[in-house]
Amino acid sequence: MDDLVLKVVARVIIPFIQVYGLYVVLHGHLSPGGGFAGGVILAGGFILYALAYGRPALDSLLPDRLAALLESGGVLWYTGLGLVGLLTGSAFLANARAGFPLGVPGRLFSGGIVFLLNLGIGLKVAATISTLFRNLQEEE
Amino acid sequence: MQNLEYIAAMLLYVTGLGIMLFHSNLIKKIIGMNIMETAVFLIFIAAGYVRGGQPPIALPGEPLLLPVNPLPQALILTGLVVSVSITAYALALLREIYRHFGTLDAAEIARRKGELT
Amino acid sequence: MKSVLIILLLVCLAALLVAVALDMPPLGEPSTPANASPLTRYVIANAVRDTGSPNRVAAVVADYRAYDTLGETTVLFTAVAAILALERGRKDEKSNG
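Residue numbers (the numbering used here), protein chains in the order written: chain A, 67 to 206; chain B, 428 to 544; chain C, 981 to 1077.
Don't read these hints as lab results, they were simulated from the structure.
The structure presented is a predicted model; accordingly, all values stated were derived computationally and were not measured.
All C-beta atoms in this analysis are idealised placements derived from N, C-alpha and C, irrespective of residue type, glycine included.
Honestly, I wouldn't trust all of these hints.
As the list claims (entries may be wrong) - Output of the computed footprint for chain C on chain B, the stretches with three or more beta carbons under 8 Å from beta carbons of chain C:
# : segment
1 : 434-442
2 : 454-465
3 : 509-522
Stated by the list, open to error - In silico contact screen, one side only, chain C against chain A (beta carbon under 10 Å); selected entries:
#  : residue
4  : L990
5  : S1033
6  : N1035
7  : D1043
8  : E1052
9  : G1069
10 : E1073
11 : S1075
Using the sequences and the hints given, assemble the complete structure.
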């Protein structure tokens, strides 16, 4: 587990993987991708980090408690956004009728609830997939 | 041979089922299950394909002449996540089984359970 | 004996499924029932107006079928919770002897 080539290459490409993952999450309503695909790419960066630098390094970067918070928070964020629709007198998970501004189609901050849901799902999926990896990886 | 993709998906499904039935190793059974899931996804995606079509992404002013069908793709996005969840949980259960029995062979596990009871 | 039965079953199933595949509407035509359904036409025509999202797939996943996606995230959450419960249960067993 002490491979210099792997460590150097991982250090160079992990930022690009993470930025690409964030791009896919944030542009989910404009280009192919979305919360799930982008979240998996983000988690891929974390998994590469754990493989190159070992489990303790990943544990200090993304502690168990933070991952658990993101997972539970993702579902709560989703349900909360749905309840906004109920509170404003419209349907559960309603978009424009619940008062979310649709914006100008094609801009980054547009699409109302689509953008917000993609953001929540992306963070949740990133935390979930790295937790799955951490738990299925055999501890030495 | 116009429905080649459908035929490929059907054969993929049968292949996965064959792997699940022939092998008694539980990891191989999970691999077979994943192949069957992939076959179902392939059928759905192929059903929504339009020959020479473009991705269903366009702003109001842009032309969208021949878009592929977005609905099966959205359905399969759901299916993919469920497939990942099931695979992960199955692998976690397999690890517990291995810790308990020391083997992943389904016939061997059944035999030992018969001895225990 | 058992493997002969399995092969027989698989061959019968493959023949049935390939017959179904040959009978399905031609792939890739815009006029197949799936591609020509009113729902597909509605989503492609009105997704930008309804949701403000040019990506129709994202519009379907996060707006038209958002309730379904809520269930999907719940499935993922439940899987992780179950895996963590398995792991914690084993650790508790070990520490209690």
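Evaluation of the provided hints:
{"no.": "1", "hint": "434-442", "result": "holds (count 6)"}
{"no.": "2", "hint": "454-465", "result": "violated (count 0)"}
{"no.": "3", "hint": "509-522", "result": "holds (count 8)"}
{"no.": "4", "hint": "L990", "result": "violated (31 Å)"}
{"no.": "5", "hint": "S1033", "result": "holds (4 Å)"}
{"no.": "6", "hint": "N1035", "result": "holds (5 Å)"}
{"no.": "7", "hint": "D1043", "result": "holds (5 Å)"}
{"no.": "8", "hint": "E1052", "result": "holds (8 Å)"}
{"no.": "9", "hint": "G1069", "result": "violated (13 Å)"}
{"no.": "10", "hint": "E1073", "result": "violated (16 Å)"}
{"no.": "11", "hint": "S1075", "result": "violated (16 Å)"}
Hint compliance for this structure: hints 2, 4, 9, 10, 11 are not met, and every other hint is.
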